[in-house]
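The chain contents come next:
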Amino acid sequence: MGNLPVSKQQMVEIARALAHEARVVVMDEPTSSLTPAEVALLFEVIRRLTSIGIAVLYVSHKIDEIFEIADTVTVLRDGRHISTKPIAEHTPDSLIHDMIGRRIENLFPRERGPASAETILKVENLSTTDKLKDVSFEARAGEVLGFFGLMGAGRTELAKAIVGFDPIRTGRISIGGQPLTPHDTRTGKALGIGLLTEDRKSEGLMLELPVLHNMSLASLSSFSSGGFVDEGRERSAVQEFIDRFRVKTPSLNRQIKYLSGGNQQKVLLARWLMRGLKVIVVDEPTRGIDVGAKSEIFALIDKLAADGLAVVMMTSEMPELLGLSDRIAVMAEGRLTAVMDRKDATQEKVLNAAIA
Amino acid sequence: MGDRLRALLKRNEAVLLLVFVLLIAFFALTSENFLTTRNITNVLGQASLAMIGAVGLGILVISGEIDVSIGSLVGAVAIPLVVVMNQTGSLELGIICALLLALVVGVINGYLSAYVGINSLIVTLGSLFVIRGAIYIYTGQKAIADRAALESFYQIGNGRLLGTIPYPAIVALVILAIFIYMMRQRPFGRQLYAVGGNPEVARLAGYNVKRTKFIAFVLCSLLAGISGILLSSRLGSAVHVSGLGYEFQVVAAVVLGGVSLAGGIGSLFGVALGVLILSFLSNGLGMLKLATEWQQVITGFIIIGAVGLDELRRRRR
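Quick note, the sequences are listed as chains R and Z, same order.
Each residue of the first sequence is one higher than the one before, starting from 1 at the first, in our numbering.
Each residue of the second sequence is one higher than the one before, starting from 1 at the first, in our numbering.
Hints are computed from structural coordinates only; laboratory data are not their basis.
Be careful, since some hints might not be right.
Claimed, not checked - No farther apart than 16 Å at their CA atoms in a straight line, the calculated lysine to aspartate or glutamate pairs in the EDC-like style are these:
| no. | chain 1 | residue 1 | chain 2 | residue 2 |
| --- | --- | --- | --- | --- |
| 1 | Z | Lys210 | Z | Glu200 |
| 2 | Z | Lys210 | R | Asp166 |
| 3 | R | Lys62 | R | Asp98 |
| 4 | R | Lys248 | R | Asp199 |
| 5 | R | Lys133 | R | Asp166 |
| 6 | R | Lys343 | R | Asp326 |
| 7 | R | Lys201 | Z | Glu200 |
| 8 | Z | Lys210 | R | Asp184 |
| 9 | R | Lys8 | R | Glu44 |
What the hints assert, rightly or not - A short list of chain Z residues far from chain R (calculated; beta carbon distances all over 12 Å):
| no. | residue |
| --- | --- |
| 10 | Phe27 |
| 11 | Ala28 |
| 12 | Ile95 |
| 13 | Val116 |
| 14 | Gly140 |
| 15 | Met182 |
| 16 | Gln185 |
| 17 | Pro199 |
| 18 | Asn208 |
| 19 | Leu222 |
| 20 | Ile265 |
| 21 | Leu290 |
| 22 | Gln296 |
| 23 | Gly300 |
| 24 | Ile302 |
Computed from a predicted model, the values in this text were never measured in an experiment.
We put the beta carbon where it would ideally sit given N, CA and C, even for glycine.
Construct the entire structure; sequences and hints are all you get.
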């Protein structure tokens, strides 16, 4: 069973529910690790289930899916019931309004100017033993370089390799003209590259520790004088970012596990910005985050690029990719299959390159 | 302010402090010889040996590793100490050689656990046997007498400042203070928490996890070495069975003090309270003329009870 792809495992689970003569089948974010073709297949199965009189409770945060599959939609926010309506009475805007309690004028505000010509990150012929094959690209100061790919295309592997977290087999990585050698995160940090991980819980947060210590983790040395952490300076720096990023927390001493996903993500972003970076790699920056906080994260990413960072963004969300990127790189099976300017990119072109 | 008070009461250390105070009060009421300067300073003198080791082990456990070989090391460092003193008549040289042995053991334990990646319980369980076996082979299962009979050697373990405070207690207090400060204020201390709490997070944040753990192993061994030197002075020789069971006493104090064996959680202040509670408990129960067998049973229940309660409290939150 464990050897089956996730899509097949889901089918087995659905079949098992039917074998138990289920009248209601609950699906919780079922498409989060499926390819578009598998999603289409899943939706076909759902339509057949409903046609034979089985109710499907479909939990998702993906708005386009809801419009495609739902008959009736119920919105929950902060554990409360907000609305239940037939889907026909909703527009995407009205649905978002219910989800976040206010209207978002523009999910992807762009305030930054054009990117500079200066190359900050240069990756040449990068290969790893298990996934990446001969990947080369450059990222410039002030741009958002979006990487798209299906599950297993190698985005996360690329993200971890270029910051020095995972080992590489061959290839060269340089940040601001300096080679990333030795290939570890310590050198990466010193050269100014950092990763905002897709897996906050196991690679980003120290759940039991307070917001304060989570945020200042990467920059302890910069608050130290004579080898001792100056807690006053640490606190004021953290407070500054809490205010700037509008992180909602009752105090700096609050354990970070009690914060919402969006606020946790802001703390992790601040962890790197406090340190001062040249390149930030963000891997699925809005995973597990509600729509309201998403727009704030998008605005922050825009701001980072405006401040002259090179932002390398790994994403599986097409709207995010098209909405934020200056240039778009597409990966398939560990290779880079296309790099295009945003203005030349369409959903179709990107998907074609991702399936190639 | 009320918020702060509530936050304080939520902390494990506050609960331990309360337990400690209640314990002292109980024994003071039930036994008239308990709350005397002589008795208290005696207990502190004995507790300081466990205290020094517990600071080292506390750091290591916070970093997510463990060392159960410290009892053997406590016994082992006495050998170079006494042998070198016997041959050179120098306490300083003896101490240097004892600490060198501790350093070597720490480096080996740390290298195998942190860099090679063998589970530290297994590595140090192995060292426990290797070191103890080596002690027996070298000494032929007999104590090595201190023939140099240096007054300074006698004094470090048995002397008292102004005739009251035992020197080992002062050593323990200084070490405790230095390391509490380090854990809270040095970037290295904060790294230890990060590394123990979640090594992947620490590495992603640009820290060298292996090196951090390695240093924790070395510190733990060096502190056990200091403890062994003081113990040897108290015993007046290198005793082949000294330090047997020391590791259990220290592990018990560390977990009682609220350090999570999973790493990343706990404080040295809590560890110190853990040591004091266990030391005064054993002293007080002894004064009540309770047999040592029963003392052990009670100590066992207290450890399980205290750690269990703490776990429940954490979960409820």
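May I ask you to check that leucine 290 of chain Z keeps its beta-carbon over 12 Å from the closest beta-carbon of chain R? holds, 38 Å
Are all C-beta atoms of chain R more than 12 Å from that of proline 199 of chain Z? Check fails; 10 Å does not lie beyond 12 Å.
Pair hint outcome, lysine 343 of chain R versus aspartate 326 of chain R [Cα-Cα no greater than 16 Å]: holds, 8 Å
Does glutamate 44 of chain R lie within 16 Å of lysine 8 of chain R when you go C-alpha to C-alpha? holds, 14 Å
Does the claim that alanine 28 of chain Z lies off the interface hold, with its Cβ farther than 12 Å from every Cβ of chain R? Holds, since 36 Å exceeds 12 Å.
CA of lysine 210 of chain Z to CA of aspartate 184 of chain R, is that 16 Å or under? holds, 12 Å
Can we trust that isoleucine 95 of chain Z is non-interface, i.e. its beta-carbon lies farther than 12 Å from all of chain R? Given that every Cβ of chain R is farther than 12 Å from that of isoleucine 95 of chain Z, nearest at about 26 Å, it holds.
Are the Cα atoms of lysine 210 of chain Z and aspartate 166 of chain R separated by 16 Å or less? Answer holds: lysine 210 of chain Z to aspartate 166 of chain R is near 15 Å, not above 16 Å.
Is lysine 210 of chain Z within 16 Å of glutamate 200 of chain Z, Cα to Cα? Holds, because 11 Å separates the two Cα atoms, which is no more than 16 Å.
Assertion that methionine 182 of chain Z lies outside the chain R interface [Cβ separation over 12 Å]: violated, 9 Å
Cβ separation check - glycine 140 of chain Z to all of chain R, threshold 12 Å: Nearest chain R Cβ is 47 Å from glycine 140 of chain Z, so the label holds.
Beyond 12 Å from each Cβ of chain R, as asserted for glutamine 185 of chain Z: The assertion about glutamine 185 of chain Z is violated, with a minimum of 5 Å to chain R.
Consistency note: the structure conflicts with the earlier hints numbered 4, 15, 16, 17, 18, 20.
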